Amino acid sequence: MSINTEPDKLKPTDYASDQEVRWCPGCGDYAILNAVKKTLADKQAKKENTVFVSGIGCSSRLPYYMATYGFHTIHGRAPAFATGIKITNPKLDVWVITGDGDSLSIGGNHFIHLFRKNLNCQVLLFNNEIYGLTKGQASPASRIGTISPSTPSGSLEAPISACELALSSGATFVARGVDTAIKKLVPTLSKAQEHVGTSLVEIYQNCIVYNDDVFKSFTDKSVASEKQIHLEHGQPMLFGENNKKGLAINKDYSSLEIIDLEQNEKEISRVLVHDYKNKTIANLLTQMDQKSMPVALGVIYCVEKPTLDNYYTEKLNQHNNEISNIMEKGQTWTI
Amino acid sequence: MSINTEPDKLKPTDYASDQEVRWCPGCGDYAILNAVKKTLADKQAKKENTVFVSGIGCSSRLPYYMATYGFHTIHGRAPAFATGIKITNPKLDVWVITGDGDSLSIGGNHFIHLFRKNLNCQVLLFNNEIYGLTKGQASPASRIGTISPSTPSGSLEAPISACELALSSGATFVARGVDTAIKKLVPTLSKAQEHVGTSLVEIYQNCIVYNDDVFKSFTDKSVASEKQIHLEHGQPMLFGENNKKGLAINKDYSSLEIIDLEQNEKEISRVLVHDYKNKTIANLLTQMDQKSMPVALGVIYCVEKPTLDNYYTEKLNQHNNEISNIMEKGQTWTI
Amino acid sequence: MDGNSSEIRSNNIDDNWSTTVRFAGDSGDGMQLTGGRLTFEAAISGMGLATFPDYPAEIRAPAGTTFGVSSFQVRFGEGLIASSGDHADILVAMNPAALKVNIKEVLPGGLLILDSSSFNERGIKKAGYEENPLENNSLAGMQIISADISNLTIEAVKEFGLGNKDGMRCRNMWTLGLILWLFTKETNETINWLQNKFGKDNILAKANMAALNAGHSYAENTEISSDIIRKIVPKIKPAKGKWRAITGAESLAFGLATGAIKSKLNMTLCSYPITPASPIMHYLANYELKGIGIYQAEDEIAACCSAIGVSYAGGLGVTSSSGPGISLKTEAIGLAISVELPLIIINSQRAGPSTGLPTRAEQSDLMQAVHGRHGEAPLVVLAPKSPSHCFHIAQKAIHIAIKYMTPVMILSDAYLTNASEPWLIPDISGIKENPVSFGEYNENYMPFERNPNTLARKWVKPGTKGMEHRIGGLEKDSISGNISYDPENHQEMTNLRAEKIRNIQNEFEKIEIIGPDKGDLLVIGWGSTNGPISEAQELLSNKGYAISHTQISCLWPISHNLKNIASKFKEVLVVEMNDGQLFNLLKVETMPNAKSLTQVSGKPFRVSYLLDKFKEIIELRN
Amino acid sequence: MDGNSSEIRSNNIDDNWSTTVRFAGDSGDGMQLTGGRLTFEAAISGMGLATFPDYPAEIRAPAGTTFGVSSFQVRFGEGLIASSGDHADILVAMNPAALKVNIKEVLPGGLLILDSSSFNERGIKKAGYEENPLENNSLAGMQIISADISNLTIEAVKEFGLGNKDGMRCRNMWTLGLILWLFTKETNETINWLQNKFGKDNILAKANMAALNAGHSYAENTEISSDIIRKIVPKIKPAKGKWRAITGAESLAFGLATGAIKSKLNMTLCSYPITPASPIMHYLANYELKGIGIYQAEDEIAACCSAIGVSYAGGLGVTSSSGPGISLKTEAIGLAISVELPLIIINSQRAGPSTGLPTRAEQSDLMQAVHGRHGEAPLVVLAPKSPSHCFHIAQKAIHIAIKYMTPVMILSDAYLTNASEPWLIPDISGIKENPVSFGEYNENYMPFERNPNTLARKWVKPGTKGMEHRIGGLEKDSISGNISYDPENHQEMTNLRAEKIRNIQNEFEKIEIIGPDKGDLLVIGWGSTNGPISEAQELLSNKGYAISHTQISCLWPISHNLKNIASKFKEVLVVEMNDGQLFNLLKVETMPNAKSLTQVSGKPFRVSYLLDKFKEIIELRN
Ligand SMILES: Cc1ncc(C[n+]2csc(CCOP(=O)(O)OP(=O)(O)O)c2C)c(N)n1
Ligand SMILES: Cc1ncc(C[n+]2csc(CCOP(=O)(O)OP(=O)(O)O)c2C)c(N)n1
Ligand code: SF4
Ligand code: SF4
Ligand SMILES: [Mg+2]
Ligand SMILES: [Mg+2]
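Protein chains in written order, with our numbering: chain A, 219 to 553; chain B, 219 to 553; chain C, 320 to 941; chain D, 320 to 941.
Hints are supplied without guarantee of correctness; some may be wrong.
If you want the ones that stay clear, here's a sample from chain C, every Cβ over 12 angstroms from chain B, calculated [stated by the list, open to error]:
{"id": "1", "residue": "387"}
{"id": "2", "residue": "461"}
{"id": "3", "residue": "511"}
{"id": "4", "residue": "619"}
{"id": "5", "residue": "673"}
EDC-like cross-link-like pairs, simulated, lysine to aspartate or glutamate; straight-line CA separation at most 20 angstroms [unchecked claim]:
{"id": "6", "chain 1": "A", "residue 1": "469", "chain 2": "B", "residue 2": "266"}
{"id": "7", "chain 1": "B", "residue 1": "497", "chain 2": "A", "residue 2": "238"}
{"id": "8", "chain 1": "C", "residue 1": "914", "chain 2": "C", "residue 2": "839"}
{"id": "9", "chain 1": "C", "residue 1": "419", "chain 2": "B", "residue 2": "238"}
{"id": "10", "chain 1": "B", "residue 1": "497", "chain 2": "A", "residue 2": "546"}
{"id": "11", "chain 1": "C", "residue 1": "751", "chain 2": "A", "residue 2": "311"}
{"id": "12", "chain 1": "A", "residue 1": "547", "chain 2": "C", "residue 2": "746"}
{"id": "13", "chain 1": "D", "residue 1": "784", "chain 2": "B", "residue 2": "507"}
{"id": "14", "chain 1": "D", "residue 1": "561", "chain 2": "B", "residue 2": "546"}
{"id": "15", "chain 1": "B", "residue 1": "463", "chain 2": "B", "residue 2": "430"}
{"id": "16", "chain 1": "D", "residue 1": "444", "chain 2": "A", "residue 2": "450"}
{"id": "17", "chain 1": "C", "residue 1": "882", "chain 2": "C", "residue 2": "807"}
{"id": "18", "chain 1": "D", "residue 1": "784", "chain 2": "B", "residue 2": "475"}
{"id": "19", "chain 1": "B", "residue 1": "533", "chain 2": "D", "residue 2": "752"}
{"id": "20", "chain 1": "A", "residue 1": "533", "chain 2": "C", "residue 2": "807"}
{"id": "21", "chain 1": "C", "residue 1": "887", "chain 2": "C", "residue 2": "831"}
{"id": "22", "chain 1": "A", "residue 1": "547", "chain 2": "C", "residue 2": "768"}
{"id": "23", "chain 1": "D", "residue 1": "784", "chain 2": "B", "residue 2": "470"}
{"id": "24", "chain 1": "A", "residue 1": "469", "chain 2": "B", "residue 2": "475"}
{"id": "25", "chain 1": "C", "residue 1": "561", "chain 2": "A", "residue 2": "475"}
{"id": "26", "chain 1": "D", "residue 1": "581", "chain 2": "D", "residue 2": "752"}
{"id": "27", "chain 1": "B", "residue 1": "469", "chain 2": "A", "residue 2": "238"}
{"id": "28", "chain 1": "B", "residue 1": "309", "chain 2": "D", "residue 2": "759"}
{"id": "29", "chain 1": "A", "residue 1": "469", "chain 2": "B", "residue 2": "470"}
{"id": "30", "chain 1": "C", "residue 1": "559", "chain 2": "A", "residue 2": "546"}
{"id": "31", "chain 1": "A", "residue 1": "523", "chain 2": "A", "residue 2": "430"}
{"id": "32", "chain 1": "B", "residue 1": "495", "chain 2": "A", "residue 2": "470"}
{"id": "33", "chain 1": "A", "residue 1": "264", "chain 2": "C", "residue 2": "839"}
{"id": "34", "chain 1": "C", "residue 1": "722", "chain 2": "C", "residue 2": "768"}
Simulated from the structure, these hints should not be mistaken for laboratory data.
The structure presented is a predicted model; accordingly, all values stated were derived computationally and were not measured.
Glycine included, every Cβ here is placed at the ideal spot set by N, Cα and C.
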């Protein structure tokens, strides 16, 4: 914590606190932690101006491992703490760290209202589709049929999509990444940090203990190119080996479909060009069925809107009244 | 409360309790109360099997005025009570009565999870875009700039759309109505009741005291035909005088646009036919800007999915174990 | 034990002149405004006064029905005026429903002022009367001024072209005119006010003035029954300076703002609307004071968490609510205690349990304030005793929260929130500045090292270079603040948290007692019961009873001094609007032999009731 | 006042033979399973026993680190075995980290069983040792069996083609074999169990059997130091019947289910995961009992509200959580009190405040349970005192909730949840049925009319024709249940709600005392402190001290009988794992002169510590 010994250029490891990292060996959280440190180092972020705010869960322990400011709060409420912090000091760079249980179950209300208010901060949602810390119960992100201690014969309820929910709540930045795909994740985190407004990055995170390999169907190296589409603004939505597949909208606009360009070369014109300002397409991208379609990664949606912290502090700056004047307003009498 | 004197055919007034209705004179809630009673009478609903469950707010007082079962619970939590009721007795016809503050502010989490779980019940959201009962503060449904006791220089935050939020949460039935348009509202309520799953009916309700005329721009008789579109499944999306206007999707699918058929008769082919199973279009219908576009009313979205109460009770019916057997499972020893 | 079942007798407040006027009508009748004007007239005469508006329910209701009636009571006079009056000497009832709801609040022999035109068949039926109360014998013993106020007013304003509907709106001014006459007051002050409000030549100003004068001259002219004695308002000399009326909610808002300003902190009140706490948020929103804002959150949990976030970032976080909302903040308050950050929590108590009676006052959240969290989670609980005292308590709360790095809960209530009293506007520049000294760079910084005197840890805000650290709700090492699962450390931290709060009693060493240091009876109260208790104490004291009174401001920690003070009295009685909560706390802390007097009706104690009970205890003992 | 700072001396439990074995290793080392097997072996010998698993934190951690160590302690022997042992006689440590974390739990002169192969440089460093503890003098005075368990096991299972990794998984069986030998036990029971578990010819069964036998014969063959005395397990005769081990969580699950079944109600446990409450939900989910389900809600507020919905609809609503979640349920519980519906709330207490120490036991939520709601909102608070007692308390809670139409809170804790003891499986058919009689059609039905004896209103469920009515959280007329703003009615309802709960003390009239009716010291405890207190009481009693013990099950309302009972003792001491919460309640309710003994370290009391304190008080007094 010495102020003087700070190196000229901060390396990722300079962002590590002195606390031992206590996740299960093999947990995807390690990779994300590294990606976060790398992102900060890339930006040479000031440690003192960086704040990690988290709820409760395995993922929410992350702040302890950062050499920045950190606040490990209570379950599901990190967005509310972040709001208080940013309206008090909008210069702080606030990262909300949360899990699928933390943000989509108990914290659902604060999650949607954060997007509605568009607080300028980043939300990293570690989605392992399970409650890790409490030993593996099904979460609102778990697939139907998930076997867990509370759903021994399989979960009944349909999962909720963080990205879709965020979009409908007014989110201005929605992106996705994969824990171990650190090369793709770092630029995504970087863009999230640069975005002015609430940035959601949903990160598929493998919980090796309670939900191992749940994302294997698209993260496994052998299938990754066929089952992932990496979106770039202004670029056609191509994926697969040699980019021989593309995404198009279907006839009744109800979903996206895959065009096999090898077989139908001409249909290239139907392939969508990614416009991250288009909410309809963003919605469809987040709604793609993992079985039949690729998973959309990278920046799915990004628009600009006024932010709450800016609004709030601008308004506060206009407050000019002196208390003594206000006290004397209205009916007074002098004796 | 006499059991024997029940008339052969129940009239709307037979569904009224003996309690005096205590809303402000001129409040839109009166009209909705009448529509509800009429819907029940149309269906000859059994009073004893009908339960109104509400949160807190002016609107949430409705259960007291019904001669059915009623539970006026706590602020924002009615969906959770409804869940307990339906999984215990799925035969009950449960109506959740809520306001925009009740369901979109404090109750946001239960609201989204109700749709996710698809409990078989109706949610009537009385949207007056204000907190009525607490004397008029801006709610999450209030437009930007709303002047209220807590936002004396106008509210800052963007409003949230109940229907859009419901759609992204997995809603299976989303509809809209207007308080005083009782002729249209009753059939909509009726369909909501018939739908198996969670049915949301957002009802624009005028709060004459704290937010008077906020919906005038499309409910006023003089503009109603130009500013409202009444959706019918399978019918083209036409509106305006003599149905001379239609809705089409724009080129980049980012929003709907109005086609003036008087000027471009040929473009009729572009006018969408309402398919209430199409979520993309449903989303666009709920996102239309009230200033430039008509307001979509009637059943916007309707699909079938398994319901939580059905799932739960089916599962419960499969439970066959006797406690004495379970106690003896595992390691035992006899002395 | 029920103050309301005591019968109505004389006001018993006989030593000094005072009078209580109650205005009642539909919410559209302008009764709050009329009451406010009379209050002001009394205030500029330099009298003591206390007012209280009384709303029956949260929502408006059809005109003329009993549940639509709202009222406003003002009491003024010489000497100590701390309560707004047990019963009214004069009741103004603009319609039968207003009469029906309020008649039980009027003294026998009191004066009723009624608008006879509203006592028609329709009005009587709407109010739920079987027959016209003016025509059967039900008002026997009352003095009655029954005038056709509606028509007299319409007549008076006709010349300004106002229709019946707008004309009717001036009925309250007509009535005020009549009442001013009763108190031998002229109309000129109100006329000035009307002209200021609407502009001199405005038609509404003119119409209201005409109605006011019409009421005044109606009274002046012989029409009023000659046995109604006009009350003469005495002239009194209070402290010199600029005065205004203040409600508890305004006073809290002013106090919070002043405390923040003097600490050189930006402040944000994070709240969610609820009756009766909302006015504090509304006032602060309206003031637009430098560095002071409000943030309306999506719910009470978010409000509390945001307020903690504000403090974490180096601002002053304040959160306000009432029962149901305070219950929801429980978990978050526990975190604030665990991470030891300043936080002000305001609970405007209302009658419970659950939704209860949202507009009524009660003091039944004390135990929750002190003990209502999971784990050993102590904080400081303060209670203002009057509208003007709110100003001091808010500042004191901020002072303690910062000095000790702790949440402080302020227990106000529905009565204090809305009740008003005259207030000598303080000279803000005379209040001492006490800027917070945030932790700056220090090589050996340990986040949970404590100031040995206060046991407070250092407040270090993000943005401070070289001081980066992590905090959270898991148990922390007592020095480094790192997560610690060590059993001994947990014991030590539990002890430290308790001791830190216990020590705060030093801030409240001086306990003010009204009356002698020893005697027959010490009455202990807290919060808004101060009004009725002090009046009852003064009256008995004047009559020679050895009775004293202390209204304690700090409910947690309980001062050890209290025990010494109480030991000098033969009897100790704890008076409160709950089932004996402070009484139980005191039993544990200091005085096993105290007695308890309680009331849970959602209404304030009546002075007369207290008087009887106090006498009874003293006399039994002697 | 800190039980942990007392020095480690002899176990002091000298009258009867008992021994305590502690197993420690990485979570992958199968220590819980090994401990469970030893427990079973003790159980079938008919011994008294108590077990307790100890997890340091909520998440797993890298192998070989101190924060990754989990352990399991079992104590068994003759006579009263109510606690799982102050210190271990034998510690099995599978690696250096396990040794480091647990060595302070072992008696001087105790036996250490270590896997020498793990004490290599890497393992020692990972554990944070500066040097090899086997090589410096730090274990002086201990008996040590240090065997190369890893290699011996791998050797033993090689023939089944298991690789090193899978082979290592059998280390626990090797160790168990050695321990069985120490207690002069054969391996046949465990071999049967392995064959049942995996199938007779399964390769894993064979490998594990081979490892087990290898450990046993390793010990049998001269390799073990001859000064290690083999302990001989005595044969004891407990009650006849079928026995099993039971944890508090299982016992609560069984008790709830039994209570619901006997009331002929469908039951739903509505919950949200949290440590240490989740196991109750997991058990019930797994049982798939007729008419009994669980519902995992989106948060604790929803869980509580859904449970109320279940009861409203005519089922039995149960909700379970721990500190943070219980705090969130506060508001909803207030509604259940206001509408007077049955509801069971289970709080598995953990160390607080805030997130605190999630896996550690504490009793610091008592005050919150009793007083933690806004408004006057009384309910019933019960506490089981041992794993098997949970079964009875759950049934009793249901009985009271239904009979009195009230929420009942059960205070369990992290210790009770996981601790186990032998349990004579009850004959369910022998438990009396007590079907609920729901309100049927009645012309004069008034929703808040009460049974004059219990003051309970009638339970009428939707679907009942002709009985349609409305309930809610606003104050209700004391008969009709319609909204009432009447002050006198509010006072009456407040009194009725309080009286109804106060009367429930009749259900707990008989207070069981262990020891004489009068004497020098009465120790009052509640909940999981029962184990250590009863053992300390028995030991002192055997030595002639006039000490008695009562462990109270009903914490609210407090029985008036307690006062009479306590008055016959010279001293009364309240023992609890908090800062004196029951002590404070008792001071208010009954006995101002009691003393308090507390501990807030997240760990259970040690018997030896209690013994000393009890003696001290008695001797000072005499
Ligand atoms: C109020 C409250 N309720 C419940 C818990 C228990 N709890 C801790 S973390 C958690 C869920 C964790 O799941 P997730 O957010 O997905 O994080 P992960 O562990 O999977 O990273 C729960 C239920 C708590 N700490 N506080
Ligand atoms: C926990 C809690 N917080 C706050 C309140 C206060 N409150 C009552 S109703 C309400 C909002 C009402 O708004 P809405 O749901 O839109 O209903 P409306 O009155 O407009 O019909 C609020 C904030 C409460 N009763 N309980
Ligand atoms: S339980 Fe799962 S999410 Fe948690 S640390 Fe272990 S692997 Fe990671
Ligand atoms: S305040 Fe508004 S919403 Fe409430 S009853 Fe009055 S008009 Fe209706
Ligand atoms: Mg998770
Ligand atoms: Mg509203």
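Each hint, compared with the structure:
no., hint, result
1, 387, "violated (8 angstroms)"
2, 461, "holds (28 angstroms)"
3, 511, "holds (27 angstroms)"
4, 619, "violated (7 angstroms)"
5, 673, "violated (7 angstroms)"
6, A:469 with B:266, "violated (47 angstroms)"
7, B:497 with A:238, "violated (47 angstroms)"
8, C:914 with C:839, "holds (13 angstroms)"
9, C:419 with B:238, "holds (17 angstroms)"
10, B:497 with A:546, "violated (57 angstroms)"
11, C:751 with A:311, "violated (35 angstroms)"
12, A:547 with C:746, "holds (14 angstroms)"
13, D:784 with B:507, "violated (47 angstroms)"
14, D:561 with B:546, "holds (8 angstroms)"
15, B:463 with B:430, "violated (29 angstroms)"
16, D:444 with A:450, "violated (47 angstroms)"
17, C:882 with C:807, "violated (33 angstroms)"
18, D:784 with B:475, "violated (52 angstroms)"
19, B:533 with D:752, "violated (26 angstroms)"
20, A:533 with C:807, "violated (49 angstroms)"
21, C:887 with C:831, "holds (15 angstroms)"
22, A:547 with C:768, "violated (46 angstroms)"
23, D:784 with B:470, "violated (57 angstroms)"
24, A:469 with B:475, "holds (18 angstroms)"
25, C:561 with A:475, "violated (76 angstroms)"
26, D:581 with D:752, "holds (5 angstroms)"
27, B:469 with A:238, "violated (54 angstroms)"
28, B:309 with D:759, "holds (18 angstroms)"
29, A:469 with B:470, "holds (13 angstroms)"
30, C:559 with A:546, "holds (15 angstroms)"
31, A:523 with A:430, "violated (38 angstroms)"
32, B:495 with A:470, "holds (11 angstroms)"
33, A:264 with C:839, "violated (67 angstroms)"
34, C:722 with C:768, "holds (15 angstroms)"
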